[in-house]
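Keeping their order, the protein sequence lines are chains V and S.
Residue 51 is where the first sequence starts when you use this note's numbering, and the numbers rise one by one after that.
Residue 2 is where the second sequence starts when you use this note's numbering, and the numbers rise one by one after that.
Simulated from the structure, these hints should not be mistaken for laboratory data.
All C-beta atoms in this analysis are idealised placements derived from N, C-alpha and C, irrespective of residue type, glycine included.
Treat the hints with caution; some may be incorrect.
[To be verified] Listed below are several chain S residues computed to face chain V (Cβ distance under 8 Å; list not exhaustive):
| no. | residue |
| --- | --- |
| 1 | T6 |
| 2 | Q42 |
| 3 | Q45 |
[Stated by the list, open to error] From the derived model, a few chain V residues whose C-beta atoms are all more than 10 Å from chain S:
| no. | residue |
| --- | --- |
| 4 | Q56 |
| 5 | K65 |
| 6 | S76 |
| 7 | I106 |
| 8 | K107 |
| 9 | G108 |
| 10 | L113 |
| 11 | T118 |
| 12 | D131 |
| 13 | A156 |
[Said to hold, decoys possible] Some chain S residues well away from chain V (every beta-carbon gap over 12 Å; in silico):
| no. | residue |
| --- | --- |
| 14 | P9 |
| 15 | K14 |
| 16 | G17 |
| 17 | S28 |
| 18 | Q38 |
| 19 | S66 |
| 20 | P71 |
| 21 | S74 |
| 22 | N80 |
| 23 | L82 |
| 24 | L84 |
| 25 | V110 |
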Amino acid sequence: AQRVTQPEKLLSVFKGAPVELKCNYSYSGSPELFWYVQYSRQRLQLLLRHISRESIKGFTADLNKGETSFHLKKPFAQEEDSAMYYCAPYAGNNRKLIWGLGTSLAVNP
Amino acid sequence: ETGVTQSPTHLIKTRGQQVTLRCSSQSGHNTVSWYQQALGQGPQFIFQYYREEENGRGNFPPRFSGLQFPNYSSELNVNALELDDSALYLCASSNSYEQYFGPGTRLTVT
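One chain only, chain V, in its complex shape (with noise of 0.2 Å):
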């Protein structure tokens, strides 16, 4: 089985300071990573993939195969930012898949 572990259940920072959301994963085959975020009262919905190397709303994320990490990181947060984050591989192939737990941001003014 493949999995990601979220070691935090929830995240509070202030608005403007640095947030850094962590995510492990194991796996026996090359990894296929993706973070998924879900804001109150709206569908799941992708963040980022791990190969795309984008920063989307100003979130980045690396891969990091000695660590075995892929935690995301904003420099800035904002109030908006407040979601739930999916750490989650990808679907398919005959894969197990196992997501994480999930991390709640809150963003606080």
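Got chain V; can you put chain S on it based on the hints?
This is chain S only, laid out in the frame that chain V set:
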């Protein structure tokens, strides 16, 4: 472009009954994945269908089964419902790596 839709929105069933949940994939998407999300948990992968064939399965018993139709819409069937089956069931469609999620069906088993 129509997004992913799921029906019904909410459902209450009794232990031992059977249930069918439905998902209409986004236009142009040939892959549908189903997830179970219990309260306070992350989505747990149930299975995926690609062009009407099962393409992967998580750790769920055989009483969880599915179908995908030629128009790529899908059904999730659960037989012999148990109390622990109470959860939000999410459907996601895709034609590449990005999954587009539906709003979910809230199933309560009493």
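So, against the hints stated earlier in the document, which numbers end up violated here? 1, 4 and 18
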